[in-house]
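Participant: Chains as they are written, first to last, in the numbering used here: chain W, 1 to 244; chain E, 1 to 244.
These aren't lab readings, by the way, just hints derived from the structure by calculation.
Just to be clear, a hint being listed does not mean it is correct.
Treat identical chains as interchangeable: a pair holds within one or across any two.
Straight line, CA to CA, 30 Å or less: simulated BS3-like cross-link-like pairs of lysine-lysine [as the list claims (entries may be wrong)]:
| hint | residue 1 | residue 2 |
| --- | --- | --- |
| 1 | K211 | K12 |
| 2 | K122 | K8 |
| 3 | K5 | K16 |
| 4 | K5 | K225 |
| 5 | K16 | K211 |
| 6 | K8 | K211 |
| 7 | K16 | K196 |
| 8 | K226 | K241 |
| 9 | K12 | K241 |
| 10 | K211 | K225 |
| 11 | K226 | K240 |
| 12 | K225 | K122 |
| 13 | K196 | K55 |
| 14 | K5 | K226 |
| 15 | K5 | K196 |
| 16 | K240 | K225 |
| 17 | K5 | K122 |
| 18 | K241 | K225 |
| 19 | K122 | K12 |
2 protein chains.
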Amino acid sequence: MGSLKQRKTIRKYQQKDIPVDLLNDLLETAFRASTVGNMQTYSVVVTRDADRKGKLAPAHFNQPMVTAAPVVLTFCIDLNRFSKWCRQRQAEPGYNNFEWFVTGAVDALLAAQTFCVAAEEKGLGICYLGTTTYNPHLIIEALELPELVFPITTVTVGWPAEDPAQVDRLPLEAVVHEEVYHDYTPEDIDRLYAYKESLPENRQYVTENSKATLAQVFTDVRYTKKDAEAMSELLWNIMKKQGF
Amino acid sequence: MGSLKQRKTIRKYQQKDIPVDLLNDLLETAFRASTVGNMQTYSVVVTRDADRKGKLAPAHFNQPMVTAAPVVLTFCIDLNRFSKWCRQRQAEPGYNNFEWFVTGAVDALLAAQTFCVAAEEKGLGICYLGTTTYNPHLIIEALELPELVFPITTVTVGWPAEDPAQVDRLPLEAVVHEEVYHDYTPEDIDRLYAYKESLPENRQYVTENSKATLAQVFTDVRYTKKDAEAMSELLWNIMKKQGF
Ligand SMILES: Cc1cc2nc3c(=O)[nH]c(=O)nc-3n(C[C@H](O)[C@H](O)[C@H](O)COP(=O)(O)O)c2cc1C
Ligand SMILES: Cc1cc2nc3c(=O)[nH]c(=O)nc-3n(C[C@H](O)[C@H](O)[C@H](O)COP(=O)(O)O)c2cc1C
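This is chain W alone, in the form it adopts within the complex (with noise of 0.2 Å):
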């Protein structure tokens, strides 16, 4: 497992193709997560033809990976397969709520982080793809999803043509809080964040977009409020009409 900690985002692939018998493999690994009552309320849409690919691309910002990789993974909160079952088999289901879509996005996401790791174990590398959840409409346009399926995350997997340097992470007790949650101090903020700031290609990076600190790089230019706010509006109708 020392892989693990050893673990990068991978962006750019080799144009090699992943047989199917290993991505079967991955995906099979994948559904033996954890998952709500074994329900599995999620679905994987698989997609390596290159005008589906195409028709993707905006959806994620045409950032390349979505038409480099030899794999686009879709992982989908899916309520209606189970419900067609239900109805089946004469039970009324109660699953096109808020409460099953984010019970369906647990499920979905242990799915997807296992199949990531799996991935990442056999030499493979991933990316995630957070446009997913700015443009949902467009996924679900593209992928044909029908109602009680929303695509919660996407996944780009192919063998490696980069070998990039680790980026940092915060120190443990950054993020881990013994018994009760400990509120930052401003001193706090200003230790645990010292040495993100410090880095040079951080440093490098507030100088490029022409800001004052690292933090406003986030605020003000990758993940600003006007944008989010507008996301999170469109992100709630979509959810609604997929009938949650």
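Given chain W, work out where chain E with the ligands should sit, using these hints.
Facilitator: Chain E with the ligands alone, transformed into the frame defined by chain W:
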């Protein structure tokens, strides 16, 4: 990685501690999981204290794992730490909304599942507790979670004191869709659920609950529409109350 395919949930634990170094090592491994913009929008609360477990137990409907496991981990969406950092660096955060609730959930769940994989690799057993999203208000109180922190899942961890048989999964073709979502015909549903319905343990489960079908055990006993609707409203309200 063979162990991933053999895994199963463990609900009975030996009365034996998990060394602090081992736990910290597993948590550090967990935090190597992919994380949005390298922001680590999560926190983990570690519960070892018997009194604190006693406070958490009712939130989990007194499932015995909470008090029996040496360690209980509550994985939380956390936009508090990041927002505090922003404010302290002359940056105006915009993470108090639904988009970041969902993104924080993705982040927290990838870390949770990486923890579980690493823990199982070391011989530990884990159990997820879905009750976290049924009673978030009780967990927020027990763990003193501030605004912009939300408990999304709980994992109990310990050295296994049982060795249950693996439970079934749907066939791969039930969950995987090539290129687009292929909706299920009644014949598909019959075929895909046939194995699950044929299992002696599942047939017994139907009889024990005096139901006509396995699906009815889910809809009428385990996960009812009425409960889900009440929990959906609560979950939404508590999410709002925590500032999202
Ligand atoms: C979101 C979620 C919630 C769960 N909630 C509980 C729970 O409250 N109690 C419990 O005993 N198991 C819980 N589990 C574990 C599942 O019951 C278990 O993963 C499933 O039955 C499959 O068994 P396996 O993990 O041994 O393959 C949960 C799992 C998930 C993913
Ligand atoms: C929810 C989520 C969304 C992400 N979205 C993107 C994305 O859209 N594009 C991208 O290149 N990387 C994306 N990533 C990958 C992160 O940028 C990456 O995990 C982080 O920078 C840490 O790097 P590492 O995984 O190499 O340790 C995402 C990761 C997560 C968990």
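Participant: Hint numbers the structure violates, sorted upward?
Facilitator: 4, 5, 7, 9, 12, 13, 14
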